[in-house]
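*Asks:* Sequence:
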Amino acid sequence: MSRIKRLIHSYGKYISIPWREDAAPLQRVIFCVYNENEELRLRAKIDEFELVTRQAGHEWAVFDLTDSFASWLAGQRYAVSYFQKPHLLATLLPKYLTYIVSEFERFLAERAVGEESVVAIKGVGSLFGFLKVKEVIDKLAPLVSGRLLVFFPGSYENNNYRLLDGYDGWNYLAVPITADKEF
Numbered sequence: 002m003s004r005i006k007r008l009i010h011s012y013g014k015y016i017s018i019p020w021r022e023d024a025a026p027l028q029r030v031i032f033c034v035y036n037e038n039e040e041l042r043l044r045a046k047i048d049e050f051e052l053v054t055r056q057a058g059h060e061w062a063v064f065d066l067t068d069s070f071a072s073w074l075a076g077q078r079y080a081v082s083y084f085q086k087p088h089l090l091a092t093l094l095p096k097y098l099t100y101i102v103s104e105f106e107r108f109l110a111e112r113a114v115g116e117e118s119v120v121a122i123k124g125v126g127s128l129f130g131f132l133k134v135k136e137v138i139d140k141l142a143p144l145v146s147g148r149l150l151v152f153f154p155g156s157y158e159n160n161n162y163r164l165l166d167g168y169d170g171w172n173y174l175a176v177p178i179t180a181d182k183e184f
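In my numbering, the protein residues as written are 2 to 184.
Quick caveat, the hints were computed from the structure, so don't treat them as lab data.
With a straight-line cut-off of 20 Å between C-alpha atoms, the simulated DMTMM-like cross-links for lysine to aspartate or glutamate are: (1) Lys-46 with Asp-181; (2) Lys-133 with Glu-40; (3) Lys-135 with Asp-65; (4) Lys-133 with Asp-65; (5) Lys-135 with Glu-158; (6) Lys-14 with Asp-48; (7) Lys-96 with Glu-136; (8) Lys-140 with Glu-116; (9) Lys-6 with Glu-39; (10) Lys-6 with Asp-181; (11) Lys-140 with Asp-68; (12) Lys-96 with Asp-65; (13) Lys-14 with Glu-117; (14) Lys-140 with Asp-65; (15) Lys-135 with Asp-68; (16) Lys-14 with Glu-60; (17) Lys-135 with Glu-37; (18) Lys-133 with Glu-104; (19) Lys-96 with Glu-106; (20) Lys-6 with Glu-40; (21) Lys-96 with Asp-139; (22) Lys-6 with Glu-37; (23) Lys-135 with Glu-104; (24) Lys-96 with Asp-68; (25) Lys-140 with Glu-104; (26) Lys-14 with Glu-49; (27) Lys-133 with Glu-37; (28) Lys-140 with Glu-111.
Just so you know, these numbers come straight off a predicted model, no measurement behind them.
All chains should be built: construct the whole structure from the sequences, respecting the hints.
*Replies:* Here's what the structure looks like:
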């Protein structure tokens with residue numbers, strides 16, 4: 002069985018466990034951790050994550066961050082200047098986080114996401130170098146009344162997450178699901 006198939010299997014076992022209603026927002030976050038080299042394989046299998054989620058009796062929605070930076074930057078008044086002088090972007094990046102949050106809120110409202118829904122986020126690798134995943138998840142998790150599933154390209158070891166194995170890791174209290182960890 003491939004690593005992505007094992008990840009789907011592990012996720013399916015976890016998502017079928019009855020949900021606690023009193024869980025805090027950050028306790029409702031699930032990280033599906035996979036090797037960054039398997040990004041295309043994972044994206045090709047996202048429908049299988051939806052299938053096991055629906056089989057467990059939950060609704061499903063996918064929010065894609067992949068093109069969010071390009072969309073946000075293209076909408077900036079001085080976008081051309083930022084392309085010519087990228088070092089100026091550092092002062093503007095807090096507005097990028099605000100943009101992601103507003104797009105996420107709009108996404109949730111359009112789909113009427115409820116307490117029995119899993120909202121999956123794909124494309125978090127595109128945040129690399131711009132925002133920390135932890136900052137984004139800390140803002141988005143309280144907006145989801147069901148479960149927030151983050152497809153995370155990187156590694157997890159000893160409660161430490163590393164995006165694309167490029168940054169020093171950070172501790173996070175989300176539920177980690179990996180291809181090697183059974184529930």
